[in-house]
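Participant: Could you fit the two chains together into a complex? Lean on the hints.
This is what each chain is made of:
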Amino acid sequence: MSEKKVTIFIDDVPYQLSTEDNLLAGVLSQKLNLPYFCWHPSMGSVGACRQCAVTQFQDEADQRGRIVMACITPVTDGMRISIKNKAASEFREQVIAAMMTNHPHDCPVCAEGGECHLQDMTVMTGHSVREYQGTKRTFSNQYLGELVGHEMNRCITCYRCTRFYNDYAGGKDFGVYGSKNQVYFGRQSDGALESEFSGNLVEVCPTGVFTNKVFSSHYTRKWDLQSAPSVCSHCSVGCNLSIGERYGSVRRVMNRYNGDINGYFICDRGRFGIGFVNGEQRIRQAKGIAQQSTITLTKLDVAKALSHFRKKQFIGIGSARASLEANFYLKNIVGAEQFSPGYYDEEMKVAAQHAQLLASNKAPSLSEIENSDFIFVIAEDISQTAPRMALSVRQALGNAANDKAAKIGIPSWQDSAVRTIGGKLLSPLFSLQSTTTKLDDVAEQALLLPVDQISKCLATLTKLLQLSHVQKINNDKKAEKALKDLAEQDQLSVTEQSFITSIYKALRKATKPLFISGTSAVCAELLSNITNLMSAFKSQNDMIAPALIIVPTCSNSVGLLSILDEQSLSIEQVLAQLNDPDKSYQGLILLEQELANLSAIQIAQLRKSAQTLIVLDHSEHRLSSIADIVLPVAAVSEGDGHYVNYQGRAQQFVQVHVPVLPIQESWRWLDNIADIVGIKVASKVTEAGGVKSNQHTQVVVKKSAYESLAQLHQFFIDTYAQWPKLMAKASDETKSDEAQKKAIARMSHRASGRTAQMANITVHEAKTTQKIDDNFSFSMEGRSAGQSSDMPFTWSPGWNSNQAIGQFQTEINGQLLTEKAAVFIPILSEIASNPCWRLTEKITDRTFKSDAAESSAAKNQAAKPLTYVQQKNVYFSEWQAALTPEFQMLRQSNKIYINAETAQQAGVKKSQWCKIIFSATNEKMQLASQSIISQVCIVKQLTSSLVFGNFSLCQSLSHELEMTISLACDQEVTDYLAQFNNGLIAAKKSKEKMLERLKVKDQTIPIRLFLGGLNDG
Amino acid sequence: METIDITTIDYQHYLTATEIAAIEHEASIMETREAAGIEALKVVQAHRGWISDESLFAISDLLAVPIAQLEGVATFYNLIYRQPVGQNVIHLCDSIACHLTGLDSVLAAIKQYLNIDYGQTTVDGKFTLLSNACLGSCDKAPAMMIGTEHYQHLSPESAVDILQQLAVKGEVNG
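Keeping their order, the protein sequence lines are chains A and B.
For what it's worth, the numbering used here labels the leading residue of the first sequence as 1, then goes sequentially.
For what it's worth, the numbering used here labels the leading residue of the second sequence as 1, then goes sequentially.
Extracted from the complex, chain B is given alone in its bound form (with noise of 0.2 angstroms):
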């Protein structure tokens, strides 16, 4: 028979005094305490850079969420990232009018430089490319979002520009 390893989270022990803090606020301002769910993972998310299925379970517990609830509001959400991603998340759009006005190329172009398809992540733990449905930039096409920052009228060489730069400014901060 097939064993199954089981591991207890218990959130008290996985998240920390700040994380608990942070997301305890977010509750108290919520009606009930599972509409701070998404607030939670954000909290979590900003300090780990990711929700792991190990934040997920810890979230659930300190809210007292369903698993199954939580784990539908992390996917649902493209900023949620249930994987470990780069220093840089490009979002890059992937609709209608970027594809007429050279997103193409574009993406090519990103590609070549990372390395990396849809999805990847650079080597050097940098840069993790995905695809973004409609960024609301079609006046601007096509456009990327990379953190809060949005970069509009891509072209290949712009494109790789702002990637480089950032590569460098990761440096800088790093």
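So that you can see chain A by itself, here it is in the shape it has in the complex (with noise of 0.2 angstroms):
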């Protein structure tokens, strides 16, 4: 927002407004009520609903004035208005009487209640008698999938969510029915929603047309949940969450406002996504420790279980989703010799090149990202790996028409106005990607190729570049001829030589250009050749350079690199390590770590080397299923710890709500092993220069067990030079009173008291848990929510819903009162700077195969061979969130993309069902083979050597396949249907199952009173 500010009077009283937003969000910004429904304050106003009505004077002479909207009318200077005055409050008071006409008052069971933005406002405008007697027209609902439940007869007609789903986020599936009252909202017939942002409606919707389905199934009332301030642990961008809670299990997400990151929404894999917390695949007891009292596993049993490790050497695998204190603490329990992410050689590569692109180019936020005027998406599908990136990239396409409109004298916030005058006018976004993506809609141009052909394209633009700086070429004529030439050498093709052009003609023109790419791909000359595309950027002077956007896979992925260093081990190498006879390693401890990418032959060759096995995770996967020993460690809602997102920044999740004993961070489990195994600590005298600082390292006792987050980082602050302050100094404990009573409450004033807390159970007030060094209590009583930088949830009086946030906002999209400076995480200089890792010396032992693509490539080179890649999905790319019961049950049955040739050939058509038969040779000369049954989607553009689909291909195919298409006979297609429908049965069961467990257990949790790790029971 701009600094220039008009002096304004609202009610006599003067007001310093910003002339850059309307009157309503100016009005709002001084944190004065006005009620509204249809203005959003990221979507702008589009004066629909007349609820901000506001009497404007002429002069200070004026008694009279004139009702005007004020989310359509432009802060002037000087400007006279009343919201006290009687003839703006009647006019309030009956538009929503006339709502009130038709919306029904079924309160006591909508999901909304009690946090109902039309409550507020009814309650705001002051009208609280109910007049009509007549009839209410009544609306048959539709059924919109397993995460948005559908009441259109509480709708008020703001129009919001179609200008939410629609207008800001480009969904296609949604829009408004009919005319006058009866105007319906909803999909064009039953079906699930197909956006990935479509759960925020829940909270754009006003009142209860658009609620949270998993909620409502589980449901609990808004001042009854617990709740903490969190980070989404289910990709890199790291969107603030409100998490909440109600007699132990996680009931919903909401979002939790961060101007630089998600600001007002999030998609539905944040959402929805968490129901993994409750899910019955997880782990909720230890195995392999004896217990020996009945009630509870204690510290004693845990010892006496490792006690024959003690100063054993492990080696560690961390993991991109566990948090950066487990992963460091891993490191240094099992030393940086031995520690390793878990990614195999080429994963290593590609994470050195990202450390490397990450240390020199700064990544945007998401709201720098909206500022864009170019951007470019390299073989990376956005849409579904880091949606709520997408969804500012769409926005950042809006800046055309914005600056077309601005030239007219429009303001941005008019937004209708804004969309009618820009048309089918966007700022050029360009996507070079090998699947089709939820942004093609919205592209100038989207080409579909195989990686490393995407790779060639990004070396000829380099050249390009290079080119053009020496010879000084300034026209776009002059730069055609010159691809024309490279591209001839280059070998490629006339579409990815236009495609180029236009990319480079649009650069010319952009004032803030952006690159985003991932590390999906796992391809390391893709990230290679963008780091000298960037460099041939800088090192020129006719164009821009570009902000470039690394996006990792996992919520911890950059944390986990910035712990990297050139020891880290490989998959490959770790096993290499294990089966070293030089070496004696006591076994393998996993952190939180499925090793997803391994082949079950690879998971039984790990099993087989590793003596000892520890496996710590939350969820069962198909090692904990083997391991020795398991420890069963709190999700996100349930622990403390950081993250780190995409551009480095950590952010602190908070726990929401206690687990049951044994489960408890995995920090805490990794505590308990440094008791016994120890840890390691570089010797504080390294030689100058410092390069072999290993050789130091020794192995120390620890002298006392941390029980709160923050006694850990002052334990690694004060013993490791690397680490972040990234939290304030861990009081002592004779204060910790004092620290409790200034502590912010997870619950709401208006929880319905101490003695409902745990009605579960007991109706005696209990004792509230007590957390060492936790700035938040486990109660209704501290400080209210509003004053922390950390808010765990949202309201403020008669601000009810989530839109209270803007009571808590500088200025209305500004930063929050509260807000801290956000950390940010360096990555160490070794890897940055020299992404030379030993993995490409030291590897003698190659047990699995690396160079096998490349020799049966050279083999099937006359065959023809293609690669497949598995198109990204919102609900299943990422293991945790794949794991809700409701994502599983709206999995879509298979389906692969071809072109026609290809279709013609094999003689299948469009929607038909085929057999196909991937095969490939692996280095042992065996034939590997995979047939799915799918059905047929043909794409134009796309070349014959690439094939795409919805389904994962096992991983003993390599990426150089042969594939055979024929049509599948009935029998084929009814066993594939079967199989599964049965698998959506499956998941509903699951669910069923699920609910019924928590309804259960609603009745009886076991109460703690004490937190801080095992023993206290």
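Hints are computed from structural coordinates only; laboratory data are not their basis.
Backbone N, C-alpha and C define an ideal beta-carbon position, used for all residues, glycine too.
Among these hints, one or two may not hold up.
No more than 30 angstroms apart at the CA atoms, straight line, and that leaves these computed lysine-lysine pairs for BS3-like [what the hints assert, rightly or not]:
1) A:Lys213 with A:Lys180
2) B:Lys126 with A:Lys180
3) A:Lys424 with B:Lys42
4) B:Lys111 with A:Lys136
5) B:Lys42 with A:Lys180
6) A:Lys180 with B:Lys140
7) A:Lys407 with A:Lys505
8) A:Lys456 with A:Lys538
9) A:Lys424 with A:Lys180
10) A:Lys180 with B:Lys169
11) A:Lys999 with A:Lys988
12) A:Lys481 with A:Lys940
13) A:Lys505 with A:Lys484
14) A:Lys172 with B:Lys42
15) A:Lys988 with A:Lys1001
16) A:Lys484 with A:Lys509
17) A:Lys456 with A:Lys940
Which residues of chain A face chain B? A few of them, derived with a C-beta cut under 7 angstroms, are [unchecked claim]:
18) Ala48
19) Arg137
20) Asp173
21) Phe174
22) Tyr177
23) Gly178
24) Ser179
25) Gln188
26) Val522
Facilitator: Here you go:
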């Protein structure tokens, strides 16, 4: 927001308001109450609901004034308005009265009850008497999938849903039907909503038309939820969330405003993917540890079980979904030389390239993305792997229309006017992918290529940049000619050529260009070509060098990256180390690591090679079932820790609720392990240059147990120079009572009282659970949510819905009043400057194939091998979220995308069911093959060497494949569909079973009065 | 698990060559293809009397407009019929002026004569009765519209007369 402020008089009191935004936003920025429905801070104004009426006066003498709608009135210097004025307040009351004629009185059974914007606004206008005696119009509701519920009778026709779903998020399967008093919002016919952002309808709708179906199935009122500020654990964007819990189970996720990142919206993976926390697949008991007491596992039990590992050497595999603390702790327990991120060789190379790119290019935040005027997305389907980022990209494309409107004096908050004048005008988006994506509809050009070809195109673009700088090419004609020559050298097709030309031309005009790529393609060459491209930009001055974002796969990928060093092991090396007869490893510790990339054979090899396998995880997977010791760890809502997002921004997620013992955070388990195994500390005396500091590493015995995250951080800070300062110093225990008093309440002040907190067990007023150094209390007692920089939930007097956030912003869409400066984690300089891992020289024993792809490629050259790429999916591309039963219920049957030529050769047509046999010859000269029954989809501009689909191929098939397609016979299709339907039924049953268990558990959860690891049960 | 029947509508097989040509003509004179949506609906309705789900899907396919958007257009305009209608659709004006000048008795007469209520079609398929927000003939109220013809200053008798004539005319023509 610009700083241009003018004085206006509201009810004769002078206020300083920005002229950049409309009057309503200005009034709300002053924390004055003015009701509204159709306006939304990030979607602007349309003036549809007539709710924000105020009286505007001509001048000081004018006593009568005229009614205007604040949301479509610009702020002008010296303007005089009245909110309290009788005419305006009666008008507002009558608007509500009219809306209420059709609004049902089903508040007691409405999921929105207690946090309903309509209810708040009704109270705000003073409309408290029901006068209308007539009938109410009724509608039939639609089935909108497993995530969002529909109750159309509650609709007040504010149009916010369609403005969000269609205009803001680019959805296609939602609309407005009918006219007058019969306006209907929904799909054309029943069916699951297709947008990745459908869950935002729940927050965007001012009342209960769209509700969180998952929350409704195990419901509690907002005021009875215990909430804490959290961070999404499902992708690398790091959206801020507020997670709500009651009686030991997570109930729902709401958006938590962060002006730099998610603003007001999150994606469906973030909102509904939390379901895994309550799932049937959770690990709830320790395995491989004998428990002495009948009640609970104690530290002594753990110590006994681990005692024969005293000072033994383990190899540790960390994970990009585990907290920064846990990864760092593990690395220092096993030592840098025995730590692996769980990546295989190619992924290690990618990680090295990623680290280098991240260190040399500051990645913009999502709000910065929205200012871009040119975006190029390379080999990363962000619409599925980082959906919230794709939503910001979509907003950036509106900048062309905003500029056009600004030229004729229309401000950007005039939403419908800007859209009308903009028409189909969009800022340029180029997309170079291996699969179709949900951003293709707004891309100026979208080209589909296999990743190696994408890499080649980038190399050519780099050459073109260098050439144009050397030869001083300053017009498009010359550039085109230069490119033609380059393209011939590099053997690029005409399509690829024209794509590069268009990008080059658009880049010349761009003032804020942005490139986005990612690690999904697992191609180090691609990232290295991006590095070259970025340096080509930096060494010329004709064009503005673009900002760069590399999207990694997990919530803490960058956190993991930040603790890797040149000694870190790849999976191949882990196996080689374990099998090395010269080394004697006790075994392997897997930290929240399912090693999804390994084939069943590789898993078996790993198991065989590790004498002891210790798995720390929250959910069952292939490795937990074959481990010697399994330690149940806390999921994101059950513990404290930090994730580092794609920018390197470290964000803390705060424990929402107390897990049932023996579940505890993985760093607490690691603390128990460290008590026995010891930790490694690099000697403070490092040689000049510090090259071989590892030789001075010594095992030390830990002095005491670390009972809180702050204590652990203090220990890290004291011991390891590289550990960043993320938390305030741990206060000593004598002052803990005082700290507790200053704590922010996790529950609302209107929670049904302490006697209700554990009403499922007892109505006696229990003592509040105490936690050392926690800034939040497990109670409704404490300071209110708004006083925290990380608000557990959003509430303010008179504003019960999430729209209360306006009361806590410096101004509308501004920073939070209590905002803390973001902390960015640096990437270790050894990696950033020299991505040369020891893997390149040290691997002798190749247990896994890695050159196999190359050799089989050579063999298959004649047979035109092809690349199969699995489409990314918002529900299933992240391991934890995919465990959510509601997502499993939304699975879709197999689809394969091929070009028309391939289809014709195979004799299959669009939407027909076919049988595809993929085959490849591996390095042992064995033929691996897999057959898939799938529906055919035809994509026009697809090269025949690229095929993509929504199913996964088994790992034993390498990239270079052969494919035979034939029509599937009826029996095969029937069998496949039966199997597919059984999967859906199983998901539905699993959901029912989970709900049944949770509802029983609502009656009996154990009480924990003190927190801080085991032994406190 | 409940199964859903899926019908794939391909405009080339569903719409006639004449309809496609007429729609393509409209699309060619518009700035964008989706802008031809309303005209396309009119074309198909002129040929088929109403817009079925299949017609809607076919137009959506032909113009590459999302089905939800096209349905929004189709249901917004009261002269696009999303349900089968009779040969003559009576749009009886339902505005304040008509109510003041005797709409109630006209409506009662029509209902009695045709033996149908609002939203219904006579058994012989000749008439469908719909209400219509203001026809713009407040000075000549009560009013109704049938096809492209406006009828004003209605009385119960004159309204029934008009319907009788139309019924006869329909028989001569049909």
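Participant: Which of the numbered hints above does this structure break?
Facilitator: Failing hints, ascending: 10, 18, 19 and 26.
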